[in-house]
Each structure stands twice: as C-alpha cells, then as structure tokens.
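**Q** Given these sequences and hints, build the entire structure.
Here the protein sequences come in this chain order: R and A. Counting from 1, position 127 in the first sequence corresponds to residue 127 in this note's numbering; the numbering is continuous, with no gaps. Counting from 1, position 240 in the second sequence corresponds to residue 240 in this note's numbering; the numbering is continuous, with no gaps.
I should point out that these hints are in silico values taken from the structure, not numbers from a laboratory. In this text, a Cβ means the ideal position worked out from N, Cα and C, and glycines have one as well. Hints should not be assumed to be uniformly reliable.
Calculated pairs, SDA-like style, for lysine to any residue (alpha carbon to alpha carbon, straight line, at most 20 Å) [what the hints assert, rightly or not]:
| no. | chain 1 | residue 1 | chain 2 | residue 2 |
| --- | --- | --- | --- | --- |
| 1 | R | Lys53 | R | Ala5 |
| 2 | R | Lys129 | R | Arg22 |
| 3 | A | Lys123 | A | Asp151 |
| 4 | A | Lys123 | R | Pro342 |
| 5 | A | Lys123 | A | Ser91 |
| 6 | R | Lys129 | R | Asp17 |
| 7 | A | Lys123 | R | Arg288 |
| 8 | R | Lys440 | R | Pro468 |
| 9 | R | Lys246 | R | Val260 |
| 10 | A | Lys123 | R | Leu340 |
| 11 | A | Lys123 | R | Val346 |
| 12 | R | Lys440 | R | Glu394 |
| 13 | R | Lys53 | R | Ala15 |
| 14 | A | Lys123 | R | Gly341 |
| 15 | R | Lys246 | R | Pro274 |
Examples of chain A residues lying across from chain R (beta carbon under 8 Å, computed) [unchecked claim]:
| no. | residue |
| --- | --- |
| 16 | Gly73 |
| 17 | Tyr102 |
| 18 | Pro104 |
| 19 | Ile106 |
| 20 | Pro113 |
| 21 | Ile117 |
| 22 | Ser194 |
| 23 | Gly200 |
| 24 | Cys205 |
| 25 | Asp227 |
Using C-beta positions, here's what the derived DEER-type ranges look like [claimed, not checked]:
| no. | chain 1 | residue 1 | chain 2 | residue 2 | range |
| --- | --- | --- | --- | --- | --- |
| 26 | A | Pro196 | R | Lys440 | 23 to 33 Å |
| 27 | A | Thr149 | R | Leu245 | 44 to 54 Å |
| 28 | R | Gln450 | A | Arg17 | 44 to 54 Å |
| 29 | A | Thr149 | R | Gln265 | 14 to 24 Å |
| 30 | R | Leu245 | A | Lys123 | 34 to 44 Å |
| 31 | R | Ile99 | A | Thr153 | 53 to 63 Å |
| 32 | R | Ala286 | A | Lys123 | 12 to 22 Å |
| 33 | A | Pro196 | R | Pro391 | 27 to 37 Å |
| 34 | R | Glu287 | A | Asp47 | 39 to 49 Å |
| 35 | A | Gly53 | R | Met216 | 52 to 62 Å |
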Amino acid sequence: MALTASGQGGIRLTAIDVAAARLGLSAGMTLADARALVPGLTVADADPAADAKALAALTDWCSRYSPWCALDGADGIRLDITGCAHLFDGEAAMLTDLIRRLRAFGFTARGAITDTPAAAWGWARFRPKAAPPILNQGETAPLLPLPVAALRLEPESIDTLRVLGLDTIATVTHLPRGPLSQRLGDTVLARLDRMFGRAAEPISPRAVAEPWLSRMIFAEPIGRREDIDAAAERLMAHLCRELALKGQGARRLVLHFYRVDGAVQHIAIGTSRPTHTPSHMLRLFAERLEQVEPGFGIEAIVLEATRTEPLSATQGTLTAAGEIDATDLAGLIDRLQNRLGPSRVVQLVPVESHVPERAEVQAVAAVRALKRLKPPPGFILKSARPLSLLPIPEPIEAIAPVPDDPPLTFRWRRIQHRVAFADGPERIGPEWWRAEASPKARDYYRVEDQAGRRFWLYREGLYGTAEPPRWFLHGFFP
Amino acid sequence: MEQHNTSSRPTSSRAGRIAQAAALIRAGLTKGSEEEPCVRTGAAEIDDALPWGGLPPGLHEIAASYGDPAKAGFVMSLIGRRPGPVLWCRSRRTALEAGDPYGPGIGGLGLSPDRLILAEAAKPAELLWAMEEGARTRGLAAVVADGVTPDLTAGRRLQLAAEAGQGLVFLLATRRQSAASTALTRWFVASAPSRPEADGPGRPCWTIELWRCRGGGRPREWMVEWDDAALSLSVVSQMADRSLAAAG
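**A** What follows is the structure, encoded as structure tokens:
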C-alpha cells in the first residue's frame with residue numbers, strides 16, 4: 001500500500017506501509033518505478049488536509065498526558081512532560097503507554113524522551129534499533145553517531161554536508177563554528193544548539209494551557225450516563241475547591257471526554273458571573289451531558305475552567321424582601337442562556353439616538369447591568385413613545401387629504417382603521433452622519449382609531465415632491 | 001405556605017401575619033385562596049372583587065384580541081408595582097408580529113426598562129421551560145409569556161412552580177381562550193376610546209373583564225384609565241355585570 005501525489009517528474013510515492021517497505025519501496029520514488037518493482041501495489045491519493053486534521057485531533061488527544069502539546073511538522077507531536085511523568089508511573093511507563101495506545105489506534109508511532117525537543121525529534125526518528133527510547137538527563141553521547149538528517153535540516157543542506165563528508169552529528173560538532181556558519185548558513189548551528197540545549201526551543205501548545213484543570217482517568221472505560229454524571233460531579237467538586245482556595249470563580253467551563261477510540265468530545269458552558277458552586281455547574285451541564293456519546297467507552301474526563309474571574313466578596317449577602325439574590329438571578333440567566341442561546345436572553349440598553357429604532361439595543365443579559373435599580377439616564381421616559389415597537393416598520397395604505405395632516409383612515413394587515421384623534425406631527429430627522437441612514441425625514445403621529453386602539457404611524461417623504469410619501473406603522477401605545 | 005411576601009401591605013404587623021398563617025394551616029385551606037397578594041391593581045373596585053385583595057402568586061391569564069396591546073399595557077401596569085426583575089418570554093413570531101417592549105415607552109407604565117430580561121424561545125416547550133425556571137426563582141417581580149398556550153399539565157406545573165417561588169406568572173393570550181385552564185384568574189382586556197387631550201389621544205383606557213376567578217363569584221367588567229404621571233389605575237365606570245357568560 002502506498003500513497004501518491006504528483007511531484008517533480010510525475011507521480012511519486014509520499015508514504016508507504018510496512019509491507020511496501022519490505023518489498024524495497026521508499027517514499028519519493030516515482031509511481032512508475034514502484035509499479036515496476038511491485039506490480040500489484042495498491043495506491044491511493046494522499047490527502048494532506050485530512051492528515052493534518054487527524055494529526056491535530058491526535059494532538060488534542062495527547063493532552064491527556066500533558067497540557068503542553070503541540071503539532072510538530074506534518075508528522076509529529078511534541079509534548080512537554082515536565083512534571084507530568086510521575087502521574088503515569090514514570091517516563092518509561094508513560095512512553096510505553098502512549099505508544100501502545102497509538103498503535104492500538106492503527107498508527108505507526110515512534111517516540112522518544114530527551115532533554116530538548118530537537119533531540120527528541122532526531123532520537124525518535126533516527127536512533128539505532130537496539131537503543132532505548134529515553135535518554136537520561138545530560139546524556140548526549142548517543143546523539144553523536146546519528147546521521148546529520150537527525151538535525152532536521154533541509155534536504156539541500158544534508159546533501160551539502162554529505163558532499164563535504166560530514167555524515168554524522170559528531171563530525172559536525174567537531175568543526176569550528178565560524179567557518180561552518182560561513183559555509184552553510186546559521187541553520188545548522190542553530191539546530192545543533194537546540195539539540196544540545198544551548199539554545200531554547202519553546203513549545204507553543206496547540207491549546208493554551210490554563211491552570212484550572214481537574215482530571216480523572218478511569219481504570220476501566222465508562223459509558224453509562226450515571227457514571228459520567230458522577231465523574232463530572234466529582235471533577236466539579238474538586239475544581240471548585242481549588243477555585244475557592246484562590247478566591248476565583250469560573251466564567252467558562254469545558255468538559256473534555258477522551259474516548260477509547262481516540263476521539264475527544266468537548267462540552268462548554270458559560271456563566272454570567274464567576275461561580276465556584278458545584279451544584280450550579282452541574283445544573284448548567286446537566287442538559288448538555290446527554291449529548292456525550294461514549295462510543296466504546298470513555299477513558300478520561302478533564303474539566304477545565306478556560307476563563308476565571310475573582311469572586312466578589314459581596315456574594316451571599318442577605319437580601320431584603322422584594323430584592324432578588326444576585327446568585328439566584330445569575331443562576332436563572334445562566335440556565336436560560338445555556339439552553340436558549342446567549343443572544344436570545346437579552347436586556348434593553350439605551351443608546352443616544354433620536355431615531356426610535358436606534359434609541360435602544362438588545363444586549364446579552366448579565367447580572368451586573370441588572371443591579372442598577374434606577375432607570376438609566378439614556379432612556380427618555382415619556383408617554384410620547386410607544387409601549388412596543390415593531391422590529392421592521394410595516395407599510396400601510398393611508399388616506400390623508402391635507403398635506404402635513406394625519407391620515408383619516410388607514411389599512412394595516414388587511415384591516416381598515418378610522419382615525420378618531422391624532423397628535424402630531426413630530427418630525428424625526430435622519431442621522432445624516434450615518435452613511436446607511438435613510439435620507440428622508442419622518443413625521444410621526446400618535447393616532448387613536450374609533451375602536452380605541454392607539455398606534456404610532458409615520459410618513460416618510462413629503463407631499464408635492466417627485467416621489468409620493470409613504471406611510472408606515474411603527475409601534476403601539478397601550 | 002408559611003412564607004409570605006412582605007413587600008406589599010405595609011400596615012399588617014408581623015404578629016398579625018403569623019396569626020393569619022397559623023389560622024390558615026389550622027383550617028387546612030387550599031393554597032392560594034387566602035394568601036397575601038403579590039401585587040394589587042391599585043384600583044380599589046378591582047382589588048375588592050378579587051378574593052385575595054389583589055393578585056396572589058400563581059398563574060394568571062390575560063387575553064386580548066389579535067394585535068391589541070392592551071394586554072401588555074395592563075400587565076406592565078401591574079408588575080411595575082412589584083420590585084425586582086421581570087422575565088419576559090416570547091416566541092420569535094410574537095416578537096416580529098407584536099413587537100418587543102420598547103424601553104423608552106414602557107416607563108410610562110411604571111416599568112423601568114432595565115428591569116426587563118427578554119428571553120426568546122424557538123419552541124413552545126422551551127418557552128414553557130423558561131417560564132417554569134423563572135417562576136421558581138425567588139425575587140423576580142413576574143414572569144410574562146407571550147405566544148404559548150400551556151395544556152392542563154403544563155399549567156399545573158407552572159402553578160406549582162409559581163407557588164414554590166412565590167412568583168407571579170402572566171400568560172398573555174390572543175383571543176379569549178375557551179379551553180380549561182389552571183390559571184387562578186382569567187382576564188380579557190381591550191383598548192377603549194380615551195378622553196382626548198388637545199384633539200390627540202388621551203390617557204390609556206381599557207375595558208378589563210375578570211371573567212374567571214378561582215373562588216371569586218361572577219364575572220365582572222370595568223372601564224379603567226391609566227394615569228401615566230401618577231402611575232396609577234383608576235376605574236372610570238363600572239360596567240354591567242355579565243352574569244352567565246363565562247362562569248366556568
């Protein structure tokens with residue numbers, strides 16, 4: 001089996017499996033050569049995008065070992081396991097476990113643990129068959145006999161070194177640095193320094209690791225809903241203790257479910273104010289936990305607080321009669337927003353604008369804004385404004401015999417209304433400084449029909465101009 | 001139900017309330033009938049017609065003709081009198097057809113716009129769920145829902161949730177709902193011609209019909225006027241009693 005892609009000089013093999021390698025094929029061969037060697041070769045098109053996606057998913061999965069995981073090139077993953085190994089009974093057991101699991105997923109995997117990322121890259125790929133995968137701290141001697149390719153150089157640089165007779169890393173390290181850099185550029189030296197820990201090579205993790213983590217790894221994969229709930233509850237209790245100690249509350253929480261088959265599911269919730277109450281978190285997650293598909297089982301769950309804020313000291317104060325407890329209100333808003341969607345639970349916020357539909361916006365509800373009990377100054381509380389406003393003004397057929405007068409009768413939603421009284425006009429000009437504003441002024445009328453219904457109508461445009469004016473119904477008075 | 005709302009009726013003493021509660025427990029009366037009201041309409045004639053002297057915690061239905069904003073006006077005038085945030089739930093369709101409460105305008109009904117939390121639900125089940133969550137939350141002035149008709153089971157759940165949270169739940173309905181309901185009171189309101197001021201529309205006027213009231217006798221109807229300066233409701237004229245029409 002081999003994967004192919006069109007390359008220099010025709011279609012070339014990009015990857016081969018073990019069986020193909022045994023038959024003498026290698027990546028980089030042209031397909032024609034490969035077919036000549038192995039007539040029955042199975043080929044498929046390489047799909048680098050899908051490969052990258054799969055590798056990214058695998059990187060996520062690796063965060064079960066360490067929070068500090070990153071993609072490394074097109075075929076590698078690097079983990080910073082500083083301080084993590086003891087959780088898995090030491091480095092050797094951790095690496096064995098990781099490789100065993102990756103093989104179980106059907107991957108061909110090679111791993112190494114060394115002092116530097118660059119050394120690990122070379123040691124994982126080029127170490128002799130019999131050598132151990134782990135190099136102890138300060139152990140650099142085994143790296144020296146590796147081929148120069150282990151320095152992760154461009155193919156051209158490797159060729160140049162070969163021409164110069166420099167085959168192994170040892171031969172390069174013995175050369176004086178000055179001429180080497182003149183001859184080959186700084187890359188080779190930089191790689192050498194990284195491999196031997198003389199220059200830092202930071203790992204930028206795929207997901208920024210947050211300190212607020214609580215994890216649970218199961219000896220036996222779990223799949224029952226009750227078990228998942230119980231585990232989630234314990235994780236929340238644990239995380240909340242940690243948060244409480246630091247005086248922090250979570251604003252955003254994510255549960256990661258690591259499945260036996262390597263898939264990772266994420267469930268996220270948000271809260272409207274910092275919380276460190278496990279029961280509150282559990283209620284918010286309760287609806288969503290149903291979405292977890294355990295598949296063949298879940299082997300690890302990680303609860304992560306991706307956003308935290310300091311708790312305000314006012315929490316838990318006594319409330320007077322008729323005053324709402326802020327925690328209760330926050331709980332309500334959270335539950336509504338998590339089920340209906342944050343943008344569907346809103347409150348009215350005043351805006352400085354004389355155009356009616358711009359005088360307020362609907363903003364995502366939050367407790368802080370609701371605590372102000374007096375009306376915000378931006379709202380002009382006057383009865384000349386309607387009780388409710390249509391989101392889009394609706395055109396009406398109106399008959400107004402005299403220009404600048406309110407209509408005598410109008411038709412809205414197929415019903416004729418005869419006007420009994422009217423008040424107006426109130427002219428509301430366009431906000432000319434806005435590019436998208438309608439260029440026409442509106443004349444608003446408060447009208448009452450003969451049945452007693454009160455409406456807010458407006459005329460856009462003027463009589464006697466080229467374009468006849470149009471009438472709209474915009475709102476309702478009580 | 002030993003927990004009473006202390007926000008209204010400031011004159012009644014603590015001891016009096018305890019005695020009242022004790023009497024209530026001894027008598028084993030059904031919940032709701034003798035309970036202290038959450039909110040009064042402010043018009044003595046209407047409050048007197050209600051067995052609780054106002055609206056008690058629980059489910060109340062306010063219906064109006066299609067597109068008549070009188071129901072929203074009446075409910076705002078009621079909840080403006082009770083402190084706390086208001087959860088206003090509606091479907092997307094209601095928001096588009098009837099419009100949303102408009103901040104600059106609702107102050108005239110005594111409801112400060114910053115007290116409103118608007119929730120939009122895609123499905124009736126979600127709307128009912130949101131209402132129930134709100135009804136259970138202590139300290140809300142009221143839960144108002146527009147665009148949903150709960151069946152008897154859902155209505156019963158809402159009533160229980162409202163009793164548990166001492167909450168007021170208002171169902172805004174279109175047209176008079178004939179189906180049986182668990183609501184404690186059922187109203188039908190309509191916009192009525194106002195007394196014009198300088199040829200323009202005057203203060204809001206509504207006819208308010210209490211056509212069904214648990215433990216509350218025959219249907220009654222009033223013509224009321226809302227004073228948007230004093231923020232008070234007053235009865236303009238007592239209408240003829242409707243005796244048999246809807247004594248359900």
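**Q** With reference to the structure, classify each hint as holding or not holding.
**A** Against the structure, the hints come out as follows:
no.	hint	verdict
1	R:Lys53 x R:Ala5	holds (18 Å)
2	R:Lys129 x R:Arg22	holds (16 Å)
3	A:Lys123 x A:Asp151	holds (15 Å)
4	A:Lys123 x R:Pro342	holds (16 Å)
5	A:Lys123 x A:Ser91	holds (7 Å)
6	R:Lys129 x R:Asp17	holds (18 Å)
7	A:Lys123 x R:Arg288	holds (18 Å)
8	R:Lys440 x R:Pro468	holds (12 Å)
9	R:Lys246 x R:Val260	violated (34 Å)
10	A:Lys123 x R:Leu340	holds (10 Å)
11	A:Lys123 x R:Val346	holds (18 Å)
12	R:Lys440 x R:Glu394	holds (16 Å)
13	R:Lys53 x R:Ala15	holds (17 Å)
14	A:Lys123 x R:Gly341	holds (13 Å)
15	R:Lys246 x R:Pro274	holds (13 Å)
16	Gly73	holds (3 Å)
17	Tyr102	holds (4 Å)
18	Pro104	holds (4 Å)
19	Ile106	holds (6 Å)
20	Pro113	holds (5 Å)
21	Ile117	holds (5 Å)
22	Ser194	holds (6 Å)
23	Gly200	holds (3 Å)
24	Cys205	holds (7 Å)
25	Asp227	violated (10 Å)
26	A:Pro196 x R:Lys440: 23 to 33 Å	holds (30 Å)
27	A:Thr149 x R:Leu245: 44 to 54 Å	holds (50 Å)
28	R:Gln450 x A:Arg17: 44 to 54 Å	holds (49 Å)
29	A:Thr149 x R:Gln265: 14 to 24 Å	violated (38 Å)
30	R:Leu245 x A:Lys123: 34 to 44 Å	holds (42 Å)
31	R:Ile99 x A:Thr153: 53 to 63 Å	holds (57 Å)
32	R:Ala286 x A:Lys123: 12 to 22 Å	holds (19 Å)
33	A:Pro196 x R:Pro391: 27 to 37 Å	holds (30 Å)
34	R:Glu287 x A:Asp47: 39 to 49 Å	holds (41 Å)
35	A:Gly53 x R:Met216: 52 to 62 Å	holds (56 Å)
Hint compliance for this structure: hints 9, 25 and 29 are broken, all remaining hints hold.
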